[in-house]
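2 protein chains.
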Amino acid sequence: MEFKSINFAEKLALFSEHWSPRVIAEMNDYQFKLVKFRGEFVWHDHADTDEVFIVLSGEMKIQFRDGEVVLGGGEMFVVEKGVEHKPFAEEECQVLLVEPRGVVNTGEVDSGLKAENDNWI
Amino acid sequence: MEFKSINFAEKLALFSEHWSPRVIAEMNDYQFKLVKFRGEFVWHDHADTDEVFIVLSGEMKIQFRDGEVVLGGGEMFVVEKGVEHKPFAEEECQVLLVEPRGVVNTGEVDSGLKAENDNWI
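Those protein sequence lines, which keep their order, are chains A and B. Quick note: the first sequence, position 38, residue 38 per the working numbering, numbers continuous. Quick note: the second sequence, position 36, residue 36 per the working numbering, numbers continuous.
Isolated chain A (complex conformation) (with noise of 0.2 Å):
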């Protein structure tokens, strides 16, 4: 084991690209990912998992077919599995995901946003 925290600030330095997860860490068979979110995403849903969305800086909005949820700095949701859900971020939102390791940004949806997975920095 390394003993060096790991620094979000840092990490999100890394990379600008919107909607692509980057993995810093692993427990168990979980991952952390941090993304960057602007704009409009896909409906999509997981179909075997929950997915939990803790938002670093900005706002960002998840619409669900029967309402939606607003989330700014300091604050988490937890989409519960099969739910569809459509994250949107007006300007850049920085987002930490936790979801079990090879879960797709995408769920079973064909989209051009669909991220490369496992993907770490």
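Quick caveat, the hints were computed from the structure, so don't treat them as lab data. If you're wondering where the values come from, they're calculated on a predicted model, not measured in any experiment. A couple of the hints might just be wrong.
Derived BS3-like pairs (lysine-lysine); straight-line CA-CA distance at most 25 Å [to be verified]:
#1 A:Lys61 with B:Lys4
#2 A:Lys4 with B:Lys81
#3 A:Lys86 with B:Lys4
#4 A:Lys81 with B:Lys4
#5 A:Lys4 with A:Lys61
#6 A:Lys4 with B:Lys86
#7 B:Lys11 with A:Lys61
#8 A:Lys61 with A:Lys11
#9 A:Lys11 with B:Lys4
Dock chain B against chain A, hints included.
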């Protein structure tokens, strides 16, 4: 599913005890817990799971038998399963823990610092 964000500052304002983790969310069989550290904890390990520390504010140190790591706000660290560690904070440090449901704060160690498990706020 309730469309309400979980705000760390609002939740942290609801308790003042140190070394007493409060559950704020669940993702699959994992829990997200807020905890306030101050002073010295006990040496312990978690035989069956890694444990994630995310520092929200303040500064803490995690001591290991063969090293240590210092964490400030916006930093995280994964303590691997089975690795003995002892958290320490000179001033109050506010932390988000991520670990499987059922993990006891003191591991297998019999200590007066053992906290109630599954304590939601």
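Numbered hints the structure breaks, given as an ascending list: Per hint list: 5, 9 violated.
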